[in-house]
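Here is how the chains run, residue by residue.
There are 2 protein chains.
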Amino acid sequence: MASIKPSVPRGTRDFSPTEMVKRNYIFDTIKSVFRKYGYQQIETPAMENLSTLMGKYGDEGDKLIFKILNSGDFLSKVDAQKLSAHNSQQIIADISEKALRYDLTVPFARYVVMHQNEITFPFKRFQVQPVWRADRPQKGRYREFYQCDADVVGSDSLLNEAEFVLIYDEALSNLGLKDFTIKINNRKILSGIAEVIDKPDQIIDLTVAIDKLDKIGLDGVIKELNEKGFTDTDISKLKPVILLEGSNEEKLASLRQALQNSAIGLKGCDEIESIFNYLKSFNLQKATVELDITLARGLNYYTGAIFEVKTNEVAMGSIGGGGRYDDLTGMFGLKGLTGAGISFGADRIYDVLEELKLFPDAAGQTTQVLICCFDNDGETYALPFLQELRSREIRSELYPAGSKMKKQLDYANAKQIPYVIVIGSDEMESGLLSFKNMLTGDQEKLSTEMIVAMLAEG
Amino acid sequence: MASIKPSVPRGTRDFSPTEMVKRNYIFDTIKSVFRKYGYQQIETPAMENLSTLMGKYGDEGDKLIFKILNSGDFLSKVDAQKLSAHNSQQIIADISEKALRYDLTVPFARYVVMHQNEITFPFKRFQVQPVWRADRPQKGRYREFYQCDADVVGSDSLLNEAEFVLIYDEALSNLGLKDFTIKINNRKILSGIAEVIDKPDQIIDLTVAIDKLDKIGLDGVIKELNEKGFTDTDISKLKPVILLEGSNEEKLASLRQALQNSAIGLKGCDEIESIFNYLKSFNLQKATVELDITLARGLNYYTGAIFEVKTNEVAMGSIGGGGRYDDLTGMFGLKGLTGAGISFGADRIYDVLEELKLFPDAAGQTTQVLICCFDNDGETYALPFLQELRSREIRSELYPAGSKMKKQLDYANAKQIPYVIVIGSDEMESGLLSFKNMLTGDQEKLSTEMIVAMLAEG
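Residue numbers (the numbering used here), protein chains in the order written: chain A, 1 to 458; chain B, 1001 to 1458.
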């Protein structure tokens, strides 16, 4: 059999050692912040029952779920007539009963319902696992990618929302970002605006138009709104919302004015204000918090706060987002459990850190020192020292004897190993080993004790 | 729609926070040893092209591979006549082009071939990811489970094998195991035995019979061998092998005698001896190394050393295994690249640590202190202190105001939070907060400075 040039499925990726060090750096940084705020890790299976996932993401989402073919004689359950209809969608349920998870939220809801008797609420969980979507792959969009989520269920306190702001601030600041904005909106404010002008279905048209104020000016926005069917009366009611500017407090005051006849709109203002009040007790590191009523993500499930995070240092889409949903577990029969959650966009954060050169060098994970020998005698001489280095928790390798020194040094360079020890006959005789700094090229002869001391220092 | 009681697919599992802490402990311990020995992490996609996986695990294995249904109108590629045949196996390739990885070894081989121009050999990689098998689920056997592998390719030095023994010894000792055996065999020795008696196909019958020596005695073993078709001449040649005992050196001497007419058998003895010689330069912590010629795992792919690890503290199958394979990447067209690898059985190690009560308490990851208040005033008072605790890297939570104190303390107990701070009106007035040790029940009033100092100490 001729061997085929191997490849990975479209939209999926291998991660090399260098990439893994960087990805681990991102995930470890975020996870340790999650833990600091009392979030606990869970994992759920890659495969869920198809019935758990279907119908949760809309018709488009259903199509993007990867289905797993039943094992064995999967056609045995399909009757001949049905099969002869040659209709793929009709037989899916007969030949597939499992699917790959599409996100971490629905599996989390399923988890909470299944484990409700072991869980003490409020339950604060985080989860970092891959998800799969049969989307058309393109730059920055993959069919397999990690999600990195923290959610709390069973607490309606707005302290949770305030702490999500702190978590974003701390995690992204720890990753080295210096200027980023956490945008906050509230679904109830959007509902209030819709109520005031009696156009609940056009909230997205409205927010899209308002969002263009900077680019096209007030007249442009009004023109666009007219085109979308908003009346002059609507627009006069909307003007304070369109022209919303100033500090968060000023924006909130204008909103309260505009929404004075909408109970739900005012409730949204109250919630935002409570979050801001909580935040007054805390110092933020690098984040700017901004009330932005054009933020309209997740309108079909968020019921309260809506978050989105953007870096101001490079052009990049959102690097995080989330919000509050009042009925996460209702789809699995557990009603009335409120929740809120946020997500970090790990792939985009990776690209941002790469562009800003914010990744620390790989020193934390790669080999610290390579021992090179010329022959078996050198190897035998080196072994006890190799073990001593490792017993001091120094990540060490011995290049197996018998290769040219150049090849051994190339290996050290390729692996970015910072120090090399060379053991030849002189070294064995004197007990002083050649110790080379691969970055500076400096080389000196040192006792094993001195080498251990230098490496142990870092 | 009536909601269905949610469940996970058979053979898959959720991991709760408590289980995750323990699993992370195992994986982190093993990973850090891998890194110390110069192994670097990679990750590969969960999905591979079906053609990458099929034919690599035998016919039985092919059936156990989870296939992913093509997206969209997957039946469009199947012609009507073929479909009407109602034969599942015939249409698999038409409706599925991707599958879930079955192990980490074939994806690694695919990775090495795809990335051969970026890799500096010898390439030492480790990988910790789930794999999926459509096996019948039973106790201890799952359809989704993590593998934890380290492999080196491009080096035939037996130092690699010796270092695998060190890795097992260090990782399992670090996990708290006190008595375990690393069994070593060599495929070439088994080939030599087969050569000596000219029965290459019956190596497994032979090793199975010899393995029973302790239980059924020499006569029993000879009887079983007779039944399996071994002649008296065979058995007289095999006797030194059957009666192999004593130290590893003594066993090796007997083997050399028995295999004196088999070049390959003697080569196997040389390889084992080299590994033992390397190990003389190192001190092992808790492992016993034992030459065991009844070890016959992976006979269809291992070509040199074979490893298996067993704990002697509890009854449990193998907790690790591996070996050398001379042609890992040949299946993808890259010939002549030798490799060797080992695997840790994470699920079994979990069960062993659980049974021996070797898991450290969760202290390393869970919340260290919970602040409890009676009302909003207490909450407002607490917020700056909450942030101060976190700025000292103390994992802290504030229970949102408005719940009964009992509920708050129950939360601390359920989450095994060791310390609780209670803030009532007395505390706010005096500035001395009630600080309670949840394990001992001791409670005292302390300044925030003293609390920070105590918690920072751990």
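Hints may contain errors.
[As the list claims (entries may be wrong)] Once the Cα atoms are required to be at most 20 Å apart in a straight line, the calculated DMTMM-like pairs of lysine to aspartate or glutamate come out as:
(1) A:Lys5 / B:Glu1249
(2) B:Lys1415 / B:Asp1361
(3) B:Lys1005 / B:Glu1019
(4) B:Lys1415 / B:Asp1442
(5) B:Lys1183 / B:Asp1214
(6) A:Lys139 / A:Asp351
(7) B:Lys1228 / B:Glu1249
(8) A:Lys407 / B:Asp1442
(9) A:Lys280 / B:Asp1270
(10) A:Lys199 / A:Asp234
(11) A:Lys31 / B:Asp1156
(12) B:Lys1267 / B:Asp1214
(13) B:Lys1022 / A:Asp234
(14) B:Lys1445 / B:Glu1388
(15) B:Lys1407 / A:Asp156
(16) A:Lys5 / B:Asp1214
(17) A:Lys237 / A:Asp179
(18) B:Lys1407 / A:Glu118
(19) A:Lys286 / B:Asp1214
(20) B:Lys1031 / A:Glu393
(21) A:Lys199 / A:Asp156
(22) A:Lys415 / B:Asp1073
(23) A:Lys82 / B:Asp1377
[Claimed, not checked] Some chain A residues judged to face chain B by a derived CB distance under 7 Å, without partners named:
(24) Pro17
(25) Met20
(26) Gln81
(27) Ala85
(28) Arg390
(29) Pro400
(30) Ser403
[To be verified] From the derived model, a few chain A residues whose C-beta atoms are all more than 12 Å from chain B:
(31) Glu170
(32) Thr288
(33) Lys310
These are computed hints drawn from the structure, not numbers from a lab. Nothing here was measured: the structure is a model prediction, and the numbers come from that model. Glycine residues also receive a C-beta, built at the ideal position from the N, C-alpha and C atoms.
Okay, the hints, checked on the actual structure:
no. : hint                  : verdict
1   : A:Lys5 / B:Glu1249    : violated (46 Å)
2   : B:Lys1415 / B:Asp1361 : holds (12 Å)
3   : B:Lys1005 / B:Glu1019 : violated (23 Å)
4   : B:Lys1415 / B:Asp1442 : holds (19 Å)
5   : B:Lys1183 / B:Asp1214 : holds (17 Å)
6   : A:Lys139 / A:Asp351   : holds (12 Å)
7   : B:Lys1228 / B:Glu1249 : violated (30 Å)
8   : A:Lys407 / B:Asp1442  : violated (63 Å)
9   : A:Lys280 / B:Asp1270  : violated (73 Å)
10  : A:Lys199 / A:Asp234   : holds (9 Å)
11  : A:Lys31 / B:Asp1156   : violated (39 Å)
12  : B:Lys1267 / B:Asp1214 : violated (28 Å)
13  : B:Lys1022 / A:Asp234  : violated (59 Å)
14  : B:Lys1445 / B:Glu1388 : holds (18 Å)
15  : B:Lys1407 / A:Asp156  : holds (15 Å)
16  : A:Lys5 / B:Asp1214    : violated (50 Å)
17  : A:Lys237 / A:Asp179   : violated (35 Å)
18  : B:Lys1407 / A:Glu118  : holds (15 Å)
19  : A:Lys286 / B:Asp1214  : violated (69 Å)
20  : B:Lys1031 / A:Glu393  : holds (13 Å)
21  : A:Lys199 / A:Asp156   : violated (28 Å)
22  : A:Lys415 / B:Asp1073  : violated (46 Å)
23  : A:Lys82 / B:Asp1377   : violated (67 Å)
24  : Pro17                 : holds (4 Å)
25  : Met20                 : holds (4 Å)
26  : Gln81                 : violated (11 Å)
27  : Ala85                 : violated (9 Å)
28  : Arg390                : holds (6 Å)
29  : Pro400                : holds (3 Å)
30  : Ser403                : violated (9 Å)
31  : Glu170                : violated (8 Å)
32  : Thr288                : holds (18 Å)
33  : Lys310                : holds (24 Å)
The earlier numbered hints that this structure contradicts are 1, 3, 7, 8, 9, 11, 12, 13, 16, 17, 19, 21, 22, 23, 26, 27, 30, 31.
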